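S.K.: For the protein sequence lines, the chains are A and B, in the order given. Heads up: the first sequence begins at 1 in my numbering, then just goes up one per residue. Heads up: the second sequence begins at 1001 in my numbering, then just goes up one per residue.
If you're looking for bench data, these hints aren't it; they were derived computationally from the structure. None of the hints are false.
Here are a few chain B residues that sit away from chain A, every Cβ distance over 12 Å (derived from the structure):
#	residue
1	S1458
2	Q1501
3	D1834
4	F1847
Computed beta-carbon distance windows for the label pairs:
#	chain 1	residue 1	chain 2	residue 2	range
5	B	T1034	A	P12	16 to 26 Å
6	A	V14	B	G1094	12 to 22 Å
7	B	T1034	A	S24	33 to 43 Å
8	A	P12	B	I1460	54 to 64 Å
9	A	E6	B	L1055	50 to 60 Å
10	B	N1326	A	D16	50 to 60 Å
11	B	I1573	A	P72	40 to 50 Å
12	A	D36	B	I1460	51 to 61 Å
13	A	S24	B	L1099	51 to 61 Å
14	B	I1047	A	D16	20 to 30 Å
15	A	V14	B	Q1754	51 to 61 Å
16	A	S24	B	P1054	50 to 60 Å
17	B	K1209	A	D36	49 to 59 Å
None of the values given here were measured: they were computed from a predicted structure. Ideal Cβ positions, reconstructed from N, Cα and C, are used throughout, including at glycine.
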Amino acid sequence: MKATHEQIFIIPDVLDKAISEVDSCLVKNNSKLSIDFKNCQFISVDGLEWLEEILVRADSKNINVTFCNLKPEIYKVFKIARVDVILKAIGGQTDFAPFC
Amino acid sequence: MVSSLEKNDVGLDLKANYLARQARLASAVFTQYTQEKVDAIVKAMTIAAIEASPLLAQKAYQETKMGVVEDKILKNLVACEFLYNQVKDKKTVGEINVLVDENIVEIAEPVGVILALTPVTNPTSTVIFKSLACAKTRNSIIFSPHLMAADSSNLTAKIMYEAALSAGAPKGFIAWIEKSPRLRRQTELLMVHPDVDLIFATGGTQMVKAAHSSGKPALGVGAGNTPVYLHKSADIKASVNDIIISKTFDNGTECPSEQTLVIDEEVSDLVISEFKHLGCHVCSDSEIEKLGNIVVDGRNKTMNYKLVGQDAAFIAKQAGFDVAENTKILLCELKGNIQKHKLIVEKLMPVLGFVRVDTLENGINRCLDVNYAGGTGHTSGIFAKDENVIKLFTNSINAGRIIVNSPTSIGGLGGLYNNLNTTLSFGCGTGGGNITTDNVGIKNLLNIKRLPHRKNFSVIFKTTKQIYSNPGSLSYLKELNLKNPFIICSQNAVKRGIVNQVLDKLPSSSIANVFSQLTGEPDWPCVESALAKIKEASCDSIIAIGGGSVLDLAKIVRLFYDHPQLKLSEIAISFLDFRHRMCEFPNDLTTKLIAIPTTSGTGSEVTPFAVLKDNNKHVKLSLIDETLLPDVAIIDANLTLNLPESITKDTAFDALTHSLEALVSTFASDYTDGLALEAMRLIIEALPKVLKDPCSIVNRHKLHNAATLAGMAIGNASVGLNHAMAHSFGAVFDIPHGLANSVFLMTTLKYNSQIPNKFMAQSNYPQWIADLKYVRAFEYLGLYPELSISVDYTNESFETRQKLILGLRQKIYDFARSCNQPLSVEELGISAHDYEKQIPSLIQTTFMDMSLRTNPGYPLMKDIYKLYQESYPRRVRP
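In isolation and in its complexed conformation, chain A is listed as follows:
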């Protein structure tokens, strides 16, 4: 049986590179990981790619990752970027075909 420790990481105001603590956490096999965006004001392409990478890795290890305290500006970036795993992490669908 897995432990249910939840690790919380607070993203800095600019997410433009990998955060080593989160990478380490994934290695340690915690079952829950919460990423808090309350301070995050800007996310770069590198930041998005890193998020995608950790989400893929977490998924392969059955680690549940949740995002919280997303500002609309950042949430919109996720919506427009249409990265499957990020859309899943914010509870959305990955089938983004427009309809009207």
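Based on the hints, put chain B in the right spot on chain A.
M.R.: Positioned in the frame of chain A, the structure of chain B alone reads:
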């Protein structure tokens, strides 16, 4: 276009996915950028482009062997320096425009990922232009270069990208497809890629067509075929000079460049001689034949791309004749039916057709021949001093840009010769299969979000200017100094001696004419008859003495007397909202209208309404405009003393309906509420007393004032469902208006006091409050002591309100019964069969009646059906 993945596309698909994904991430990240950050990136890119312009021009020429290096440098500079100058101060982030009058704010949103197709003719300048435009608008862009110019295009993209990146642009916002034999296929895959939002295609017709058929939104700009009219009024030397500059610019590779000149015969020799003088070669018939064979590809009747951007001497040599080495342009006279001439097509090289014309009409028609030979919607030009000629040409030609007295190629680019947007992409409108005729620019690369603030219309209270309201006020007529009044009245008013009373009150010098032919409600023949008389008498004023019908007739007669050109069918047309209606009433009536009501009901003396019966369609036409307001109203209760009981009751119930409907109208205001409530109180107080003692001047006076107060209320708040039903019903069964109103009163009072199935959409009626208004009426009338049900007054719940409204309904019922006023259709003696038969048509006319527009609830036709049904049986107390 359907693009499926083929076996050997696997690698390409991965590449396409990579490019699209990078661009998509970048476009997402770009949404966070501020205007300042964007502008800094654009500035850095512009500097890089200016510095690289010579190098890129050289590379483009080396790769394509088209055009002139020096001109390509100029084009590159236009694409960066001119564009920068035009857009540097433009807002492209967030709130970009505030339309004060419309109360709308416009907000910019990037379109996302753009796939940009670039041409062989302008491979570097187009990339500079599109890169800058995308950076300014926070879009990502993937370039698909022309295969024959891929190296120079991609080098340009790289330079622009590196400059942008160093200024902080998102990684991957500019990307390009590498040169390879599979470039076209990769472009096709990207055209249908889900991560591409818009295709921005500049180039050959085939690529533009492919873009349009991809199913993606596309800005496709394509081929031109520019006709230029050289009118005899033009400055010949300057015109020829401009045309040479334009047609030789980059050896004619610019698609807006001149293709065929249409020259007025009168000046044609002078024109041709000037061309020769300045170094152009005028081809002989045989040379034209030879040129036609090589300039135009005989298979598809389009220009031979191998000659695009080559110089004149080279082209002549290829055709099999020699010209001087520095020859600027090969001029070819197109004779006969030019529509069938080989050289009528677009020729992106220094080969220029020309045709001589003997008239202005022929000149414009020949331009249209060229215009519709492959370049519809693109560009045209005219050289003329005569503004009328320019106007006629402009109206006739189908071109997104009509360049006047300037070179069409450099003129079309915008910025140098005029203030057109600088562009390398020329929208051709639907004529060229495009969505825009713009010089495509940043505006076309934004999704504009519009934030319209809710309209709050000004509430204006208007009524008759002068109102004399005491008994005996008829004597004020003397003070009005009417010289030649036209008196409109009913026969009854003559019989009752009222007209004589009026005549007595006029100054002795007045010459009055009397029209008393109205019986019942006015119709158009009656209006015409009155108009004939008033015209004959040339009257300076109208005195209307009578009930609502007489007053309405007078309003309409005055309108058509002052403005005989008006058409009844136009001014009586129905409308949804009077502020947006299509018909316009004149506002300069000069004939004075004095309204003297002899009944206490309609309030027409203070309303902007007039109703006219349409005998053919059995409907009532409502004319509504403040122009119809009388100038003077004389509310003299003495004139009502002899009113028969039935008319006294019917008209009083009309006024009561006015007050009840104005109170809950969606246009009601504090002003109209006060009038409606007081009118209601006066009617309930005075009518029973008048019925008991018809000669009681005090109570007649109260009733008379009540009708005018209610008239002012509906004159500004309008009426509602009850009137819509009464108009329809009254017209079909020929029931007097007040009586028709009273039979629906209990039905509509109940209907409007309940939460409607559908609310009325009115911006100035944000909340349904009809029930509160009825409660206010209950309170104003002081009905608490009469309430037969137990109510907790301190509790303001919906249930409490409904109980109080029930009290009001009971009061209205009791009041009507005490006056012996019919309250249902059955009580009028109409058979159920006759009534049922008419209900379908009544529903239609009720729904279309303008009175319905201000009702607090929006009844659907099925609701109206029920309301008509409920209104038939004899009423019982609620």
